[in-house]
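K.L.:
What follows is each chain in one-letter form.
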Amino acid sequence: MKILVAEDDRLTRQGLIDIFQDEGYETVAAANGKEALARFAEAVPDVVCLDIMMPDISGYDVCREIRRTHDAVPILFISAKSEEIDKVLGLEMGADDYIVKPFGVKEVIARIRAVTRRHARTQKFGEEPFTIGDLEVLPDELRALRDDDVIELSVRDVSILKLLAGNRGKVLDRDTIFNTCWGLDYMPNSRTLDQHISQLRKRIELDPKHPAIITTVHNAGYRYE
Amino acid sequence: MKRRLVFILGLIVLLPLTVLVGFGIAVARQEKARAQSRYEQVLVGRLSDINSGIAKLVEVHQRELLQILELPTFEPDRIRAQVRTSRLARQLFVIAPTGDLLHPQKGGVLTAEERAFLERTESLWESGESFWIPEEIAATSKKRAIKGRKRVIRANDSGWHTWFWGEGLRLIFWVRRPTGHIVGAEVERAAMMSDVIAQLPVADYTRTPLPKGRIVLVDAQSRPLYQWGAFQPAKGTLPTVAQNLPAPFTAWSLHYFVPANGIGAALGRSAIFNIVTGLSALALSLIALATYFYRESSRDMHEASRRVTFVNQVSHELKTPLTNIRMYAELLEQRISEEDKRCRSYIDVLVAETQRLSRLITNVLTFATQRRGNLKLHPKTACVDSVIANVIASFDPALRAMGIEVVLEGKADRPVALDVDALEQILGNIISNVEKYATQATTLRLHREQHAGTTVVTVSDDGPGVPAAQRDTIFRPFVRLSNKLTDGVSGTGIGLTISRRLAMLHGGTLSLVPTASGATFKLTLKTPEANA
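Heads up: the sequence lines are chains A and B, in that order.
Position 204, counted from 1, in the first sequence is what this note's numbering calls 1013; the numbers after and before it change by one each time, with no gaps.
Position 26, counted from 1, in the second sequence is what this note's numbering calls 27; the numbers after and before it change by one each time, with no gaps.
Same shape as in the complex, but just chain A (with noise of 0.2 Å):
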């Protein structure tokens, strides 16, 4: 799933993308809003995220003109305005949701997984539902249920364990995974996966220190038994 950056702040517009990135999104960048709409009509992305405050044209004006050729592609703002009229302005302007600086990493995530929700529903891309131990995992929601528990879910976490159930009892290695669920051109970094699984681990399984489903084969990779 591929998402649209647009934002002025060299740093916000970086931690913005590493958060997604983080999350199991593929990013694109735009510094400005001629950019942003340059960049959608190249890679056609799946969200938007705008900044409104932009040079040259605004987040207002950029999120106008994706309407009028895209109607369904969700468009999340983000602003550092956040009187009343900012909000009510972007929403009627055809923004799905805003979020408002300053704000933290999980709000951010939080909103993009609600917006991505929302997108996969409508949009149906036909992500099957599949079994992981005792979870069920379903991939357009970004959840998965243990009994009447719902535990949140990123893009990546879904590819992993999805990677994971369909190679039930074999031993999945590092670069494996890393070319599967983080995509060719990423560098790996063996603490990156290492603290994903962990993270992973922790909102998975009922005993994050014994884990049943997703398993360590030292020097080797991950199995799921």
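The hints are simulated quantities; they were obtained by calculation from the structure and are not laboratory data.
A few of these clues could be false.
DSSO-like cross-link-like pairs, simulated, lysine-lysine; straight-line CA separation at most 30 Å [claimed, not checked]:
1. B:437 - B:412
2. B:342 - A:1018
3. A:811 - A:971
4. B:381 - A:811
5. B:342 - A:915
With chain A fixed as given, assemble chain B onto it according to the hints.
P.N.:
Relative to chain A, chain B alone:
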């Protein structure tokens, strides 16, 4: 605010002006009435001057007539000769002491003029009443006067009598002889009128001593006999002043006409001008004063508005770097090893401080929005417990560092219509106060309950609590439990003000519950069930 200032300043100018204008109008009216009265007195004075001239004429006539009436005998031929030589007497008559007319005697041999006289004076003789006072009445009156009665009627020695016949007023002058005979003369009307008119100014309407008025001599039927003056009154106009002529012409009167606008204009204008000028000067002074105050206040308000705008802009500008610090700190937190406790604690501090700064900026901006009257909520379906969990999570590092344990009681897990940002801001401000003021506390207790579309969250700590003297004031803006910078307690004093305002906008309230120890805040929000 500006509109109210304009209204008050307008009132300050208009109220005294209205009173003064009312007062000025009353004074002007009085002044005009006084001026008119003075003016009328002048006019009456002029008429009196004319009348005194006529009175002197009457005296002259009287002396002339007395000479005419000094008849040596009452022989008809002698009387007729006297009439012929007299300019003023048209006819003479003699009445016997008994009251009988001796001359011209009815039924006697009379001239045509004498017959005409009898005809003109027929009403006088036939009425049976003497126009002179008979001597016997005078004698009776004298007796009564001797007896000490106050009312004394004297028999006059001479007198005037008037009657109307034909063309108008006729005059008789009579004298009582020592013999009791009454000798009288009918005054020649033409001579009498010409003498009266000769006393009056020339009727030249262009060169006149009366350029702005007209005086008309009218008879008993108000018919003009003579008039002068340049002013031409409209038909039916009542005279400005009127005065009867002295006896024996009392049936005639002088009417003085002046233009209506000439009266006030002549004497009252200067007074009105003075009043209007004074009021105008006062009005100008008040307006100048009000303008000065308005400009001063506007400048102050403008300056205050600029300061608020500046704070707003700075707050907005702070948001982007603050976002970056917070975002990168949180990203770093995700990547740092769980085992590197010291690094994680540093990052916790970074995250907690950015959150504190975020709350501060959000409070400043919310306060500014509230002052502009634009504060509104955006309810959406949410779970109160999730919001509380997020808020607690954001304070977790700080509270852990202070050794404060968070205890959650009850539950509020139903999906309800809720402004998440508002609830986060309210709880953030309350818990931030615990962090600031309850440093010795060991427990932070949050009790939640939901029923009938209402959510109640009670936040209590076991810290020092709010001093009794300040319990009523802590919700006022800029009130802090300590204002001393040296206390090391940061804050702006608007957190609880905004929190209560947000709670009220959410259909609820925020209050400080009296407790024996610690501080307890009770937050009530109207939260309709989302699927209701």
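K.L.:
Give a verdict on every hint.
P.N.:
Outcome of the hint check:
1. B:437 - B:412: Distance ~27 Å between residue 437 of chain B and residue 412 of chain B Cα, so the pair holds.
2. B:342 - A:1018: holds (19 Å)
3. A:811 - A:971: holds (19 Å)
4. B:381 - A:811: Holds: residue 381 of chain B and residue 811 of chain A sit about 28 Å apart, inside 30 Å.
5. B:342 - A:915: holds (21 Å)
When each numbered hint is compared with the structure, no violation occurs for any of them.
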